[in-house]
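Undergrad: Chains as they are written, first to last, in numbering that gives the first Met the number 0: chain W, 0 to 265; chain P, 0 to 396.
None of these hints come from the bench; they were simulated from the model. Predicted model, so just to flag it, every value in this text is computed and none were measured. Watch out, some of these pointers could steer you wrong.
[What the hints assert, rightly or not] Once the Cα atoms are required to be at most 20 angstroms apart in a straight line, the calculated EDC-like pairs of lysine to aspartate or glutamate come out as:
#1 W:Lys44 to P:Asp50
#2 P:Lys222 to P:Asp50
#3 P:Lys222 to P:Asp93
#4 P:Lys238 to P:Asp50
#5 P:Lys173 to P:Glu160
#6 P:Lys8 to W:Glu151
[To be verified] Here are the computed distance ranges between Cβ atoms for each label pair:
#7 P:Ala380 to W:Gly224: 20 to 30 angstroms
#8 W:Arg40 to P:Leu276: 58 to 68 angstroms
#9 P:Leu276 to W:Gly42: 37 to 47 angstroms
#10 P:Glu291 to W:His170: 45 to 55 angstroms
#11 P:Val269 to W:Thr38: 26 to 36 angstroms
#12 P:Val383 to W:Ala176: 28 to 38 angstroms
#13 W:Ala176 to P:Tyr337: 32 to 42 angstroms
#14 P:Phe339 to W:Ala176: 33 to 43 angstroms
#15 W:Thr38 to P:Leu276: 33 to 43 angstroms
#16 W:Asp105 to P:Leu276: 51 to 61 angstroms
#17 P:His4 to W:Arg218: 51 to 61 angstroms
#18 P:Ile334 to W:Pro123: 27 to 37 angstroms
#19 P:Gly275 to W:Arg250: 49 to 59 angstroms
#20 W:Tyr41 to P:Glu291: 33 to 43 angstroms
Positions of the beta carbon are idealized from the N, C-alpha and C atoms, including for glycine.
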Amino acid sequence: MKSEAMTEEAASSARQGAPEIADAGQPSAEHVISVADVTKRYGSKKEVQVTAVDTVSLAVSRGEFVVITGRSGSGKTTLLNLISGLTTPTAGHVVLDGVELWSLSDRQRSRLRNEHIGFVFQFPSLVPSLNVLENVMLPRAFGGNHVGDDVESRARMLLSTVGLEEKAAAHPRQLSAGQQQRVVLARSLVNRPTIILADEPSSNLDETTEQEIMELFERVHETTGVTILMVTHTSQLISWGTRSVRMAAGRIIGDEPVAQARSTQD
Amino acid sequence: MTLLHLALKDISRNAFRSWAIFLCALLVAGLALATLLITRGAQDSLELAVDRLGADIIVVPQGSETTVESALLMGTPTQVWMPEERIGDVRNVDGVSQASSQLYLTSLKNAACCSVENMFMVAYDPETDFTIQPWLEKNLGGGLSLGEVVGGTFVFVPEGEQNIKLYNYLLTLKANLEPTGSNLDQSMFLTLETARDMSRMSRERAEEPLVIPEGKISAILVKVADGADPDAVAVQILKDVPGVTPVVSPKMFGTFRDQMSAALSSMVLVLSLTLGLSLVFIALVFSMATHERRREIGVLRALGASRAAVVRSLLVQAVILTCAGAVIGAVLAAIGIYLFRDYIVTRVGFPFLFPSLSGLFSFLMVGLAIALCGVLLAVVAPAVRVSRQDPAHAMRE
Ligand SMILES: Nc1ncnc2c1ncn2[C@@H]1O[C@H](COP(=O)(O)OP(=O)(O)O)[C@@H](O)[C@H]1O
Ligand SMILES: [Mg+2]
Chain W
0 MKSEAMTEEA ASSARQGAPE IADAGQPSAE HVISVADVTK RYGSKKEVQV
50 TAVDTVSLAV SRGEFVVITG RSGSGKTTLL NLISGLTTPT AGHVVLDGVE
100 LWSLSDRQRS RLRNEHIGFV FQFPSLVPSL NVLENVMLPR AFGGNHVGDD
150 VESRARMLLS TVGLEEKAAA HPRQLSAGQQ QRVVLARSLV NRPTIILADE
200 PSSNLDETTE QEIMELFERV HETTGVTILM VTHTSQLISW GTRSVRMAAG
250 RIIGDEPVAQ ARSTQD
Chain P
0 MTLLHLALKD ISRNAFRSWA IFLCALLVAG LALATLLITR GAQDSLELAV
50 DRLGADIIVV PQGSETTVES ALLMGTPTQV WMPEERIGDV RNVDGVSQAS
100 SQLYLTSLKN AACCSVENMF MVAYDPETDF TIQPWLEKNL GGGLSLGEVV
150 GGTFVFVPEG EQNIKLYNYL LTLKANLEPT GSNLDQSMFL TLETARDMSR
200 MSRERAEEPL VIPEGKISAI LVKVADGADP DAVAVQILKD VPGVTPVVSP
250 KMFGTFRDQM SAALSSMVLV LSLTLGLSLV FIALVFSMAT HERRREIGVL
300 RALGASRAAV VRSLLVQAVI LTCAGAVIGA VLAAIGIYLF RDYIVTRVGF
350 PFLFPSLSGL FSFLMVGLAI ALCGVLLAVV APAVRVSRQD PAHAMRE
């Protein structure tokens, strides 16, 4: 994350937040994402409490492609939501490029999310009333002026990257599920994020379409050097990443680099 | 791609919610404007009538004050008589400085000059008059001569003719008065001499003569001496002069004032009820609509919309819809009242003046303000609630 791209407020909050992290003895400066002993518990009554994420620590360096696997309910989505600041941790710290997320105001945190994180969701997430081009440009409505280029030409360029430039004027309902996910990927890139969080982006797609989407992710990763955290529903997709993290019952039970296995596979 | 653009797209999408807000705003602003228009207009018309009367006290035959009031306010034709000696009696009362008699006459049915069935005519005495004469001198540079009349706003000379013909008598229209919002706009002022001349001629020329009873008058307008208390003078007139009822000008049109305030309170009641119900309805519909869209709002939060931006976007939509609804409602109400003003005047039983464009505009602004405050009140809570929800939670399910 480029600190000159952050707001003055965010930057000063970052300076205030930093010593706290240093005290916790966690590495942060060289890591894009640094999660330290984070716990997320749901439910107010003791007996019905669910610990979705249980004292998880994870540090991700710039340019990594982390694939997170684990059974349903193991806390993968919750971990992504904790990293993006969409949900409040019950305990622990989330630091993005040296900035403690929860030391920021809602406005600053939203801004940081807008400028530095791209999202690809499991469910259809395009705004139905906007056409494809408008959907791709949507994040700019909430800020993103730091990018400093013509948003429409950038959106069109991204649409051609995902092979949908001729669908710019179409509405989401006119697209197939796979096409919609490609638009979502284009949307996630419009503000030149440092991190892409993808939650089972291909779980609703057939195998061929899944292959196409994964190839797109790989291309984006190679050409932009963006850091990707991707949750997948099947361990078959691990080989697309550079690092594999496995979760079970809210904990990380495996974390290892991926050898360049996939290229030898096909 | 701006927040406003997104808000506008959303309006067309949430059709039910949008119509609900639009129509409620239309109803509330329309009702508010109608209430203002009718009550303010009636007030203005009443004040104008009191003003135009220009007398401190009006003395009428005993028991006829209500019919005379309705004649002077609404232009409803009336025939009331008292002996002309009463004017001398009134002049003798202490504190009376001037007194002048008037005759109230009714024209033939369906005269060519006017759209009313029977026209109300006031004949005044130029020798003693102190209410009409000053106006004539100021506006016409002199009083009326034999055969000349001044008419209400809507009195006109028939197409292709030089005069108004009444009882086969030719009258010259010298000027028109300002609008009053009642049938007074169809009435006429003339001198006693003209009235008597017309009456005399009508016996020979007209099918039906204009009858003015010998030695009778309809009313006496009184101006009190400087420093005299009109109420005290009126009491004195009541004591000294037999067979008459004196009415002090601030107390004129009392029955109309009562009717007006009754009508006003029922209109305010209807307005408040409509406003209250609209608020509850809008709050419900708006809550439902935002609840339905909570996943989408969660996505917007993920894309970087702050809580404040979510609230702002929802409020902007409500404000746009309210403004559109309120302006259309107010304009419809204004047009409706303008078109049916004659019917309303006869139905509600008091006159009202349609305001000038600038007055209308300020009423419109008041209606808009009421609708806006109401709608914002109704949607702020649901908007804030949906913005405070946990986006992660909203995006599950
Ligand atoms: N908003 C929530 N309220 C209550 N429980 C939740 C909520 N979100 C997640 N959970 C629970 O937390 C656990 C982890 O969920 P999740 O992170 O969605 O797992 P995964 O994405 O790996 O399937 C599950 O048991 C789930 O039921
Ligand atoms: Mg999940």
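Undergrad: Could you run down the list of hints and mark each one as holding or not?
TA: To see whether the hints hold, each was checked on the structure:
1. W:Lys44 to P:Asp50: Distance ~76 angstroms between Lys44 of chain W and Asp50 of chain P Cα, so the pair is violated.
2. P:Lys222 to P:Asp50: holds, 13 angstroms
3. P:Lys222 to P:Asp93: holds, 12 angstroms
4. P:Lys238 to P:Asp50: Status violated; Cα separation ~27 angstroms.
5. P:Lys173 to P:Glu160: holds, 14 angstroms
6. P:Lys8 to W:Glu151: holds, 18 angstroms
7. P:Ala380 to W:Gly224: 20 to 30 angstroms: Between Ala380 of chain P and Gly224 of chain W, where Cβ atoms are some 46 angstroms apart, the hint is violated.
8. W:Arg40 to P:Leu276: 58 to 68 angstroms: violated, 44 angstroms
9. P:Leu276 to W:Gly42: 37 to 47 angstroms: With Cβ atoms ~39 angstroms apart, the hint holds.
10. P:Glu291 to W:His170: 45 to 55 angstroms: violated, 19 angstroms
11. P:Val269 to W:Thr38: 26 to 36 angstroms: Violated: the Cβ-Cβ distance is about 58 angstroms, outside 26 to 36 angstroms.
12. P:Val383 to W:Ala176: 28 to 38 angstroms: The hint (28 to 38 angstroms, Cβ to Cβ) holds, given that Val383 of chain P and Ala176 of chain W are roughly 34 angstroms apart.
13. W:Ala176 to P:Tyr337: 32 to 42 angstroms: violated, 57 angstroms
14. P:Phe339 to W:Ala176: 33 to 43 angstroms: Since the Cβ atoms of Phe339 of chain P and Ala176 of chain W sit about 58 angstroms apart, the hinted range of 33 to 43 angstroms is violated.
15. W:Thr38 to P:Leu276: 33 to 43 angstroms: violated, 48 angstroms
16. W:Asp105 to P:Leu276: 51 to 61 angstroms: Roughly 35 angstroms apart at Cβ, these two residues miss the hinted range, so it is violated.
17. P:His4 to W:Arg218: 51 to 61 angstroms: For Arg218 of chain W against His4 of chain P, whose Cβ atoms are near 31 angstroms apart, the range 51 to 61 angstroms is violated.
18. P:Ile334 to W:Pro123: 27 to 37 angstroms: violated, 46 angstroms
19. P:Gly275 to W:Arg250: 49 to 59 angstroms: Roughly 55 angstroms apart at Cβ, these two residues keep to the hinted range, so it holds.
20. W:Tyr41 to P:Glu291: 33 to 43 angstroms: Since Tyr41 of chain W and Glu291 of chain P have Cβ atoms about 23 angstroms apart, the given range 33 to 43 angstroms is violated.
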